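**Q** Please arrange chain B on chain A, whose structure you already have, making use of the hints.
In order, the protein sequence lines correspond to chains A and B. Position 74 of the first sequence, counting from 1, maps to 74 under our numbering, and the rest follow consecutively. Every number in our numbering is 80 more than the matching position in the second sequence, counting from 1.
All the given hints hold, so there is nothing to weed out.
Computed cross-link-like contacts, BS3-like style, restricted to lysine-lysine with a CA-CA straight-line distance of at most 25 Å:
| id | chain 1 | residue 1 | chain 2 | residue 2 |
| --- | --- | --- | --- | --- |
| 1 | A | Lys-26 | B | Lys-138 |
| 2 | B | Lys-349 | B | Lys-377 |
| 3 | A | Lys-19 | B | Lys-585 |
| 4 | B | Lys-582 | A | Lys-26 |
| 5 | A | Lys-19 | B | Lys-208 |
| 6 | B | Lys-582 | A | Lys-19 |
| 7 | B | Lys-434 | A | Lys-49 |
| 8 | A | Lys-53 | B | Lys-434 |
| 9 | B | Lys-585 | A | Lys-26 |
| 10 | A | Lys-53 | B | Lys-431 |
| 11 | A | Lys-19 | B | Lys-138 |
| 12 | B | Lys-208 | A | Lys-6 |
| 13 | B | Lys-295 | B | Lys-582 |
| 14 | A | Lys-6 | A | Lys-19 |
Keep in mind that the hints were calculated from the coordinates and are not lab data. This structure is a prediction, so every number in the text was calculated from the model and none was measured.
Here is how the chains run, residue by residue.
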Amino acid sequence: MPLFNKIYRFYLDGFRSMKTGRTLWKVVLLKLFILFVVVKLLFFPDFLKTHFKTDQQRAAYVLNNLTTWPSASHSIPIRR
Amino acid sequence: MVEHLNLSMVHWARAQFALTAMYHWLFVPLTLGLTFLCAFFETLYVKTNNEEWKRIAKFWITLFGINFAIGVATGIILEFEFGTNWSNYSWMVGDIFGAPLAAEGIFAFFIEATFFAVMFFGWDRVSKKFHLFSTWMVALGANLSALWILVANGWMQHPVGMAFNPNSARFEMKDFWAILLSPAAIDRFTHATSSGFLLSSLFIITVSSWFLLRKRNQEMAKKSIIVACIFGLLASGFVAFTGDESAYSVAHYQPMKLAAMEGLYHGEKGVGLVAFGILNDQKEPDNDKDPFLFEVKIPGLLSVLANRSPGSFVPGIDDLLYGNPSENLVGYNQRIADGKLAITDLAAYKKAQKNGDKTAAQAALASFNQHRDNLGYGYLTSVEQAVPPVPLVFYSFRTMVILGTLFPILFLLFLIYTYKDTIAEKKWLLRLGFLAVFFGYFASEAGWIVTEVGRQPWAIQDMLPVSVAHSNLTTGTVQTTFFMFLILFTTLLIAEIRIMLKQIKIGPEGE
Numbered sequence: 001m002p003l004f005n006k007i008y009r010f011y012l013d014g015f016r017s018m019k020t021g022r023t024l025w026k027v028v029l030l031k032l033f034i035l036f037v038v039v040k041l042l043f044f045p046d047f048l049k050t051h052f053k054t055d056q057q058r059a060a061y062v063l064n065n066l067t068t069w070p071s072a073s074h075s076i077p078i079r080r
Numbered sequence: 081m082v083e084h085l086n087l088s089m090v091h092w093a094r095a096q097f098a099l100t101a102m103y104h105w106l107f108v109p110l111t112l113g114l115t116f117l118c119a120f121f122e123t124l125y126v127k128t129n130n131e132e133w134k135r136i137a138k139f140w141i142t143l144f145g146i147n148f149a150i151g152v153a154t155g156i157i158l159e160f161e162f163g164t165n166w167s168n169y170s171w172m173v174g175d176i177f178g179a180p181l182a183a184e185g186i187f188a189f190f191i192e193a194t195f196f197a198v199m200f201f202g203w204d205r206v207s208k209k210f211h212l213f214s215t216w217m218v219a220l221g222a223n224l225s226a227l228w229i230l231v232a233n234g235w236m237q238h239p240v241g242m243a244f245n246p247n248s249a250r251f252e253m254k255d256f257w258a259i260l261l262s263p264a265a266i267d268r269f270t271h272a273t274s275s276g277f278l279l280s281s282l283f284i285i286t287v288s289s290w291f292l293l294r295k296r297n298q299e300m301a302k303k304s305i306i307v308a309c310i311f312g313l314l315a316s317g318f319v320a321f322t323g324d325e326s327a328y329s330v331a332h333y334q335p336m337k338l339a340a341m342e343g344l345y346h347g348e349k350g351v352g353l354v355a356f357g358i359l360n361d362q363k364e365p366d367n368d369k370d371p372f373l374f375e376v377k378i379p380g381l382l383s384v385l386a387n388r389s390p391g392s393f394v395p396g397i398d399d400l401l402y403g404n405p406s407e408n409l410v411g412y413n414q415r416i417a418d419g420k421l422a423i424t425d426l427a428a429y430k431k432a433q434k435n436g437d438k439t440a441a442q443a444a445l446a447s448f449n450q451h452r453d454n455l456g457y458g459y460l461t462s463v464e465q466a467v468p469p470v471p472l473v474f475y476s477f478r479t480m481v482i483l484g485t486l487f488p489i490l491f492l493l494f495l496i497y498t499y500k501d502t503i504a505e506k507k508w509l510l511r512l513g514f515l516a517v518f519f520g521y522f523a524s525e526a527g528w529i530v531t532e533v534g535r536q537p538w539a540i541q542d543m544l545p546v547s548v549a550h551s552n553l554t555t556g557t558v559q560t561t562f563f564m565f566l567i568l569f570t571t572l573l574i575a576e577i578r579i580m581l582k583q584i585k586i587g588p589e590g591e
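The following block holds chain A by itself, in its conformation from the complex:
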């Protein structure tokens, strides 16, 4: 597999010869860990996926919000 080896060596040598890139990779990996493991899992669950099992239930919930919104039945103050 000479082509595979060439590509592998290309990336390996590239990563090995990095200077500033090493620091950047540390920042990127730390950031991705914080974003996807800490932030996403602990603080940003998908609201509809967490509360409902099926798309039908999600659609019914959103439709309910659209049709029972508090202001939907309010009278309109007309200025002119």
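**A** Below, chain B alone, put in the same frame as chain A:
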């Protein structure tokens, strides 16, 4: 399940989205423009075989890499926020946004996995021409990747090519090309990317000015300035052209935004553009106070911008809110009433479907389809709710335009003095040039404030106000994540600035 209106939560969720988007936009424009500048430098190297151009290209590619690495995935936070804070909105637009965002992801993945690697690791390992090709592909790919998210934004400003499905409660895509080629999408893409080109040219001016003030890498700085100034001048012209096109489409699809941008309350024929003005904070819709404490107007120009005709009528906030029979403008009270009928029809359709009453369902659907274009207005409790925050939009617009007018003058001065080879002696200009990128960011972020704050109260223009788009969360939950992001973003920004400054201090010798 949404029992009560929680405006406080909505404000915090909006603040969080604004914080994330503005932070994300620190990195994006620099990526969009710097890639092209790197491609220009490298093209000059390949064409001339002059190693100095290679040194220059490598230096700017390194700074591009730092910006890219720190900025990577900051946009994904916006998607987290959609799912958590804006679940109604997120559900409703899923069918429209799915395709463009997936296309963006695929583009980004393939470009980053292949051409990025060649761009950074491939010097002396692949042929000069293939390396240059890779650099150009990164430039084109990064900008094409931005196309999709800006198309999605354009759709929110001017929703076309879709139909609302009352069964799935979703806007469903009916015409992909109408969405991709809508004037709002094209304007958003061309204006945002060209502003990125301009900002990147300012970034090069800033760094090069610093080198010249420090009397370091002077040849590299001068060569970089020449390329950046030419690109910056071309970008400035294109930004002005696309900005003009944007104003034209805003006038037609978001007239309230244009009225807010101009502080225009009473529409006129042959209305002037306010070049500069101070707003009267006592002015409210439908009162008789003067909107301005002080103003300088260019006669007839707003009519030209809005309609391409100097004597044409441009509606003001009051005309839009309360109607203007002489201009055939129906007031928003009518649109609100129409929107409420759409909501009632939607509720009737839902009930009929549940009861299995097909005749009633069809009748409700037919009635809904007559009123659906004003659906969003049905959620407003007063016509005045349809007015965006005028001062923020007005001053942001002027900040963007005034700075945008000064940038080409700066590029021209730098270009002239660099050609004369006296730039190193012009300390005042170099000090100004050192500040250039900060002004660039100021103008760029101000532009997004005009775009996004100017379309309030809408999450989707005329269809869905932000007060209905959000999730049923407590204010405390959103406050917590707001401050968490504030700390995270500040830390990352400090990290970027430190790494960037370290690399600039090292200079091209560091590579």
